[in-house]
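Enquirer: Residues per chain are reported as follows:
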Amino acid sequence: MKRWLPLILFLVLVGFFAKGLFLNPREVPSPLIGRAAPAFTLPLVGDPARTFSPADMKGRVWLLNVWAPWCVSCRQEHPVLMQIAASGRVPIVGLNWKDKDREAQALLAQRGSPYVAVPDDVSGKVGIDYGVTGTPETYVIDRQGIIRMKHIGPIGPEVWKDKFEPKLKELGA
Amino acid sequence: MKSLLFCLALVLSAPLFAGEAAPVGDDPAIEQRMVNLASDLRCLVCQNESLAGSHAELAEDLRREIREQMKAGKSDKEVIEYLTNRYGDFVLYKPPFKPVTYLLWLGPLIFLGAGVGAWYWVLRKRRATPPPAVDPDQLAAAAKLLDEKQ
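Residue numbers (numbering that gives the first Met the number 0), protein chains in the order written: chain A, 0 to 172; chain B, 0 to 149.
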C-alpha cells in the first residue's frame, strides 16, 4: 500500500488536470441567472422612432440574442435562429451590439430576420449591463422578466435540443 | 560597427513597446487610479490579460466605463461592484474570501499542515525505532581495526 501511495497521488493529480483541460474557459458563469433582466430602452434598427424595452415582453418567455453584423459565429447560427423563428416556438429579440458600421439593417434585409425586434446598442453599454463578453450570447428570460439561462457561443441544432428545449419546457413555453 | 549600432538601437527601442494599452485620458490622476484598478481585473476576452493591458475592444469599453464612473465620483469598491454584478467574481484576479473560495484560499495552508504533519510523523517513527542490534564480535573487530590505525 505504502509503495503505491505516490502513484495513487499522481493519478489523482492527472485526474484533476484532465478535467481542467476539457473545461471551456469561455463558459464564464453569469451572476445574472435568477435575477431580473436589466432594463433598457433602445431604438429599433430600421425604425429608430420606435423603441424596445424588456418590459414589452412581460408575460412571455423570450430569447435575447446578442449578435452583431461583424460577428462570424452569428452568421453560423443564423439559419438555426431562422428555423426557431419559423416554428413560432419562442420569440427572439436580437440585440444589435456595437454595430459601428451600421450594417445590421442591410444584412437582415438580405438574409432574413429571425427577430421580433432588433434594438440597436451602438455604444455597447446595454451589452455590458448583460455581462456580454463576445457575440453571440443568448439569454432565456421568463414570463416575470427573470433571466433563467445564458448560452455563450452560437446555437447549433444539438445545443438547441439539449440545452434550450428542456429549459423552455421547464418555463412552460 | 554599423550592425552593432543597429543592434543597440533595437535593444534600446524594445521597452517602448512594453507600455500599457490604455489610451491616455485627460485627467492623469483618474487615469492612474483606473490603471491601478484595472491591473487587478481580468479582461473577459483575452482571459490571461489584465483589463489594463488588453487591446480587446471590450476591454477598451470597460476602461472607458471605469474612467467615467471614477469621474462621477464613484469609489474603487463601487466600480468593482459594478463589474462583478455583470461579469461575476471571474473578473477579479483576487477572488473574495467566501464559502465557495474557502478551499482556494485555505488549500495551501491545508497542504502545508499536511506536510508538516507527515514530516513530524516520520521523524517520531524514526526516533521510536531502536538502533539495529550489532554482533558484539563484529564490534570488537571494528574497535581493533580502529586501534590498529592509530
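Hints may be right or wrong, so weigh each one.
Below, simulated SDA-like cross-link-like pairs (lysine to any residue); rule was C-alpha separation at most 25 Å, straight line [stated by the list, open to error]:
#, chain 1, residue 1, chain 2, residue 2
1, A, Lys-57, A, Phe-39
2, B, Lys-93, A, Lys-99
3, A, Lys-124, B, Phe-89
4, A, Lys-1, B, Phe-89
5, A, Lys-18, B, Val-115
6, A, Lys-149, A, Glu-169
7, A, Lys-18, B, Arg-123
8, B, Lys-76, A, Pro-37
9, A, Lys-99, B, Glu-67
10, B, Lys-93, A, Leu-31
11, A, Lys-149, A, Leu-20
12, A, Lys-124, B, Leu-91
13, A, Lys-168, A, Gly-33
14, B, Lys-93, A, Leu-22
15, A, Lys-162, A, Arg-147
16, A, Lys-18, B, Val-99
17, A, Lys-124, B, Lys-124
18, B, Lys-124, A, Met-0
19, A, Lys-18, B, Trp-104
20, A, Lys-18, B, Glu-67
21, A, Lys-124, B, Thr-83
To be clear, the hints were calculated from the coordinates, so they are not data collected in a lab.
Enquirer: Now look at each hint and say whether the structure bears it out.
Expert: Outcome of the hint check:
no.	hint	verdict
1	A:Lys-57 to A:Phe-39	holds (14 Å)
2	B:Lys-93 to A:Lys-99	violated (34 Å)
3	A:Lys-124 to B:Phe-89	holds (19 Å)
4	A:Lys-1 to B:Phe-89	violated (40 Å)
5	A:Lys-18 to B:Val-115	violated (29 Å)
6	A:Lys-149 to A:Glu-169	holds (15 Å)
7	A:Lys-18 to B:Arg-123	violated (38 Å)
8	B:Lys-76 to A:Pro-37	holds (21 Å)
9	A:Lys-99 to B:Glu-67	holds (21 Å)
10	B:Lys-93 to A:Leu-31	holds (21 Å)
11	A:Lys-149 to A:Leu-20	holds (22 Å)
12	A:Lys-124 to B:Leu-91	holds (20 Å)
13	A:Lys-168 to A:Gly-33	holds (17 Å)
14	B:Lys-93 to A:Leu-22	holds (21 Å)
15	A:Lys-162 to A:Arg-147	holds (12 Å)
16	A:Lys-18 to B:Val-99	holds (19 Å)
17	A:Lys-124 to B:Lys-124	violated (65 Å)
18	B:Lys-124 to A:Met-0	holds (18 Å)
19	A:Lys-18 to B:Trp-104	holds (21 Å)
20	A:Lys-18 to B:Glu-67	violated (40 Å)
21	A:Lys-124 to B:Thr-83	holds (15 Å)
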